[in-house]
Amino acid sequence: MPASKRRIPVSQPGMADPHQLFDDTSSAQSRGYGAQRAPGGLGYPAPSASPQAAFLADPVSNMAMAYGSSLAAQGKELVDKNIDRFIPVTKLKYYFAVDTMYVGKKLGLLFFPYLHQDWEVQYQQDTPVAPRFDINAPDLYIPAMAFITYVLVAGLALGTQDRFSPDLLGLQASSALAWLTLEVLAILLSLYLVTVNTDLTTLDLVAFLGYKYVGMIGGVLMGLLFGKIGYYLVLGWCCVSIFVFMIRTLRLKILAEAAAEGVPVRGARNQLRMYLTMAVAAAQPLLMYWLTFHLVR
Amino acid sequence: LELGINFDHIWQKTLTVLHPLKVADGSIMNETDLAGPMVFCLAFGATLLLAGKIQFGYVYGISAIGCLGMFCLLNLMSMTGVSFGCVASVLGYCLLPMILLSSFAVIFSLQGMVGIILTAGIIGWCSFSASKIFISALAMEGQQLLVAYPCALLYGVFALISIF
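Chains A and B, in that order, give the protein sequences. The opening residue of the first sequence carries number 1 in UniProt numbering; numbering runs sequentially from there. The opening residue of the second sequence carries number 1 in UniProt numbering; numbering runs sequentially from there.
Next up, chain A with everything else stripped away, as it sits in the complex (with noise of 0.2 Å):
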């Protein structure tokens, strides 16, 4: 036992772990922490007068250090096998596989979407293709960065009017993600009564309705360079786009096949359905408009 433990710690450096790709120095600190932590722990008197030399000697304090090492190894392990069953990481990993191209042409279909044809989200074998090959495809970088960057436009617009406190940036955060949170289950429950066979994941609605932060970053930014004038024209601007962008979406992933060709479909159903598309694309310019007045003086 004590062999396998001591062997740990030497093939460490050299081998290569899948998941980095460099090698990890910082397992020399664990061991350098292991070797001063454990000999406490095991109760071995350390006159701290003793010099490095004769300590690493000491076939104990080796052992210990192995341990030391091993348990951080372990520790790790723990983690990156667990994580996956509280994250679904691959699945997040499919929201972020953009690049540039992609984020500069959702962007622009995010302020301009009234000449954009075809709103459907192409498949390969049966698995919807990543962000970065179809402009339709939702991702969660645009979402995330605009959510971050709402928290901090929102600081700065409140230092200029001379309210700002770190803390403040803090209670913006945790407000904007708790509106967020309240309208996914909302909308999930939404979807749940009306019993609605949608392919239409968590993530993907997660990914739609952060795309309204874009906009309102846009207004308050107009906001504070031009005043009230330029908020409203600005924030006016971008509810528009974002209700269209949310009906021509959704449209596609709540209605079923026949009416989302644009055939009209009698039925109290699809007309439930299509009520609720129009509700969900109308809290968005509310939201909006709700989450950024108190920004702008």
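Please keep in mind that the hints were generated in silico from the structure rather than gathered at the bench. These figures come from a predicted structure and were not determined experimentally. Every residue, glycine too, gets a C-beta built ideally from N, C-alpha and C. Heads up, some of the hints might be wrong.
[As the list claims (entries may be wrong)] So, partial list: chain A residues that the calculated Cβ filter (under 8 Å) puts toward chain B:
hint: 1; residue: Lys93
hint: 2; residue: Phe96
hint: 3; residue: Asp99
hint: 4; residue: Thr100
hint: 5; residue: Tyr141
hint: 6; residue: Ile148
hint: 7; residue: Thr149
hint: 8; residue: Leu189
hint: 9; residue: Leu291
Starting from the known structure of chain A, arrange chain B on it as the hints suggest.
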């Protein structure tokens, strides 16, 4: 006494940061060392102190959250993963131009037009070199601006602390 601090590598990495237009070598980040970044962080804090801003706590908090955020983002965006030490090391090294900014703020106030332009330039410089190192080390293509943007946000917060 071998402390594990390789001065030659530290100097190489510092030079990479200081020449933002030179293409970075992907292998320089093969050993993560936190000695250089530690020095830079302390120097940044020292210049802030000189300017009379006693906000050390916020600097630590923001850098911790920022490093964590970049770590998550880079792991999600790249094909290969990246370790937290590597992220912290790169971000720490690219803090060097920010030290120039905050030492400038000791003498002159940064709230005029010149200050804003200078700040924007320095933030751009920091994020550009950080993203350059990340891109070359992680072999990500077509994503340099995407990596530079969150770095710019992080360094922007540092700059805000320097200015206000």
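> Going through the earlier hints one by one, which of them does the structure break, listed in rising order?
Replying inline: 8, 9
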